[in-house]
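Model the placement of chains B and C on the given structure of chain A, informed by the hints.
Listed here are the chains, written in short residue letters.
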Amino acid sequence: MSNAWLLYMAFAAGLLAVGIYCLLAMKNLIKLFIGIEVISKGVSLALLASGLARQNILLAQSLVITFIVVEVCLVATALAIIVNIYRHTNSLDVRKLTKLRG
Amino acid sequence: MIFLYIALPLAVAAVLPLVGKVSKKFLPDLMANAVFFLLLVYAVTGGRQLIGEGPFLQKLNWLGESFNIQVAVDGFSQFMLMVIALICLAVGLFSINYMDHYGSKAVYYALLLVMAAGMNGLVLVTDLFQVYIFLEVAAVASYALVAYGLQRDELEASFKYLMLSVIASAAILVGIALLFGLTGGLSFAAVAEGLRTLNAPLAVGLCAALFLMGFGLKAALIPFHAWLPDAHPSAPAPISAILSGLLIKVSGVYAIVRILFNVFGLTPALSQVLMWLGAVSIVVAALLALGQNDLKRMLAYSSISQVGYIVLGLGLGTPLGIAGGLFHLFNHAMAKGLLFLNSGSIQMSTGTRNLDEMGGLARRMPLTAATSLVGSLSIAGVPPLPGFWSKLMIIMALVQAAEWPLAVVAILASVLTLWYYLLIQRKAFFGKLEERWEEVREAPFWMSFSTVFLSLLIIAIGILFAAVIKTWIEPAAGVLGQGAGAVIGLRGF
Amino acid sequence: MVLQIILLGGLVLFSILAILARDLIKSAISLALASLCLGIIFFRMNAPYAGVFEISVVAGLITVLFILTIALTKAEGDVRESRAALLIFPLFFVAFLVLDILVMKGLMSKVPALAGTPEAGGLKFGEVLWKQRTFDLVGQVLVILAGVFAVLALFRKRNKDE
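Protein chains in written order, with the working numbering: chain A, 1407 to 1508; chain B, 8 to 500; chain C, 18 to 179.
The hints are simulated quantities; they were obtained by calculation from the structure and are not laboratory data.
One thing to keep in mind: the hints can contain errors.
[Unchecked claim] Each computed DSBU-like pair below joins lysine-lysine, with the alpha-carbon atoms no more than 30 Å apart:
id	chain 1	residue 1	chain 2	residue 2
1	B	Lys167	A	Lys1433
2	B	Lys167	C	Lys174
3	B	Lys167	C	Lys43
4	C	Lys174	C	Lys91
5	B	Lys31	C	Lys174
6	C	Lys43	A	Lys1433
7	C	Lys91	B	Lys167
8	A	Lys1433	C	Lys91
9	C	Lys91	C	Lys43
10	C	Lys174	B	Lys32
11	C	Lys174	B	Lys28
Next up, chain A with everything else stripped away, as it sits in the complex (with noise of 0.2 Å):
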C-alpha cells in the first residue's frame, strides 16, 4: 500500500514543484494564476492518495471539495485583483509592478 501512497505523492512533489517554479518565474499575470492551479492540483493529489492509503477515502473527499471551494474563492479574487491591476497599468506584464521592492 505504502508503495502507491509514495507514487502519487510524488507525482504530487512533481506537480507542486512545477507550479511554484511558474509563481517565482513567470511574468505574465495570468500565468501566475495558471501557476495557482497547478500547484491546487498537487495538493489535491496529495490529499487523495493519503486518503487511499489510510482506506478512508470518503473523509479525503470532503477534504478535496472543500478545498477546491476555498480555491474558487481564492481564483476569484486574484482574478478581481488582476483586472484591476490591468486597468491601472494597461498591461499584464509583472515586470511593470516594480514600485515596491520588498
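Chains B and C only, in chain A's frame:
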C-alpha cells in the same frame, strides 16, 4: 455558546451589504462595532469562567440531532479570542472616520467581520484541516482588504501577498496530507496520539519543516517575510493595524505554536530552530527598519522584528519564556495596532507617509503625538509600559536557560528598537513645525477615541502587569507547557 | 495501475504545457485537459465525488473565469516571457525529477507500512460530509462570503468624492 464567536460575525457580515443599500454609513458603522464590542465583552467575561473550570469542548446540537461541530476553548484560545476582539474593536472604531472616503463601507465592514470570524474560528477548532480552512477565510478577506483602495500600490502589494500566501497554503496542506497519511487522523488528539506511537522521524521532520515554512510565511519570519514590507504599508491604515496586530500572530504564530507544542510536542531540535528563526528575524528586521524613511514601512519591519521576539520566547519552551512570548504578543498587538492607526491619522491630515517631509506635528496633533509616544515606548521596552515587562521576561528566561548569545542579541536589538522608534518620534512629531503643516488638524473624533482608548489600556496594563499575567497569560502558558497532553483527553473528548 | 501512471504523466505534461504555452487560450485548454486527467485519476482511485467536483468546477468554472479574465484584459502587446525562464525550465524539471525519485526511494524504506484505518462502517459519502465534517461546511460558507465580498469590494463603483 462558544460557537457565537464565529456565528455572530458571520450572520452580521451576511446581512451587511443589504443593510448598506438602505443606510450607507451609519448602520454599518453601528452594527459592525456593536458586534466587535459584544465579542470583546464575551471574551473577557468568558475568561473568568474558564479559569475556574478548565478547558472544555462544545458539541453543537440542532433540533435534537447532534452536529459534529466541535470547538474547544482552553487558556491559550481564550487569550487569543480576547486579543482578537480587542484589536478588532479598536480598528472598527477607527474605521468609522477613516474609511469614509473609500466607498462601500458596508462591504468593508462585511470583509472585516468575515476576517474576524475566520480568526476566531482558527483559534477555536481542534482539527488540522479546519485550521487551514479558517486561515484561508481570513486570508482571502485580507487580500481584498489590502487592495481596498484600488490604487496601484495597494493592488501590487496585494497581488504579491497573494502569490506568496498561496505557496504557504500549499506547504501547510502538503504537511496536513502527510500527517494524515502517517497517522490516519486529522484532529489534534488523533494526530498527537498517532505521532506518539509512530517511528518515522524523517517523515515527521519533513512535516514539521513544511509547517514551519507555511506558517512562518504567514507570520512573516525571516526568510519568509518578503510580502510584509509591501503589503502592510500600502494597505489602508486600519487594515495595516489589523494585519500587523492580529493576522500575522493568529494565522502565523498561534497556528505554528499550537501545532508544534500540542500536537508534535516541543523537542530540543524544534526549540533550537524556533529560537534561531526568531533571533534572525529580530536582528535582520531591526537593521532593515533603520534604512527606511517611509513611516509605515519602518513600522512593518518593526513588526517582523517583534514577532521574532515572540517566537524566540515561545521557542525557548520554559514556562517563563512562554509567558514572556505570549505577553509580548499581547503588547505588540496593542502597541503596533495603535501605531499603525496613528500613521493613518497622520496620513489623513498631512497626506504623506514620508518621515523626512514631516516635522513638528506635535503642536497641531497633540493627541496623536502623545498616543504615538506611548505605543513606541511600549514596543521599545521602556518601563513602566508593558513592553518592558514582556521583553524582560523573555531575556530573563534566556539567561535562566543559559542561552547567552541569544540573550545578548535580544538586549542589543532592544536598544536598536528604542533608537529607531525615538527617531520616528523626533522626525514626525518634534522639532520645527514645517510651514505646510500649519493648517493641519487633529484626527476626527472616533479615530482619536480608539487610539486614546488603546494607549490608556497600554498604560493600565503596564501598571497592573502582574494581575494581567496571572489571569490571562498563565493559563495560556500552562496549556502550552502541557504539550500533547493538553489535547488528548480534553473533557468530553 | 499502468493506466493510472499514464494518466498521472498526462496530468504533469498538460500542466507543463499550460505554463510554457505562448498563447493564453492554449494555456486555458491545456489546463482544462490537465483537470480532465486528474478527474479520471480520481475516479480510478475510487473517489467519484472528488472526480466530479474536479471536472465540473476546476475544468469548468475556473476555465470560464480564466477566459473571462483574458477577455477583460486584452493587452496591447503580448507579454514576452524571458527566454531564459523557458529554456531553464527543462533542466530544472529533470533535476527535480531525479531528486524526487531518489527521495521517494529513500523514504520507501523509512516510512513504515501504513495500516489502513477500517472504513467507517459503510457510511455513505453524504453522511461523511454532513455529519463528520460539518464544521468544514461552516468554513466553506465563510470563505464563499469572503470571496463574494472581495469581488464586490474590488469591482465597486468609485464615488465622485475620492
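* **30 Å Cα cutoff - pair C:Lys43, A:Lys1433** => Roughly 17 Å between the alpha carbons, so the hint for C:Lys43 and A:Lys1433 holds.
* **Proposed proximity, A:Lys1433 with B:Lys167 (alpha carbon, max 30 Å)** => Distance of about 13 Å is within 30 Å: holds.
* 30 Å limit on alpha-carbon distance, applied to hinted pair C:Lys91 and C:Lys43 -> holds, 15 Å
* **B:Lys31 paired with C:Lys174 [C-alpha distance capped at 30 Å]** => holds, 14 Å
* To do: Starting from C:Lys91, check that the Cα of B:Lys167 is at most 30 Å away, please.
  => Holds: C:Lys91 and B:Lys167 sit about 22 Å apart, inside 30 Å.
* Straight-line Cα separation of A:Lys1433 and C:Lys91 no greater than 30 Å? -> holds, 16 Å
* Within 30 Å, alpha carbon to alpha carbon, are B:Lys167 and C:Lys174? -> Judged against 30 Å, a Cα distance of about 24 Å means the pair holds.
* Asked: Would the pair C:Lys174 and B:Lys28 pass a check requiring their Cα atoms to be no farther apart than 30 Å?
  -> holds, 13 Å
* Quickly compare the C-alpha distance for C:Lys174 and C:Lys91 to 30 Å and report which way the hint goes. => holds, 22 Å
* Taken at face value, is the distance from the CA of B:Lys32 to the CA of C:Lys174 at most 30 Å? -> Distance ~16 Å between C:Lys174 and B:Lys32 Cα, so the pair holds.
* Given pair status - C:Lys43, B:Lys167, alpha carbons within 30 Å -> Between B:Lys167 and C:Lys43 the Cα gap is close to 25 Å, so the pair holds against 30 Å.
Violation of the numbered hints given earlier is absent; every hint is satisfied by the structure.
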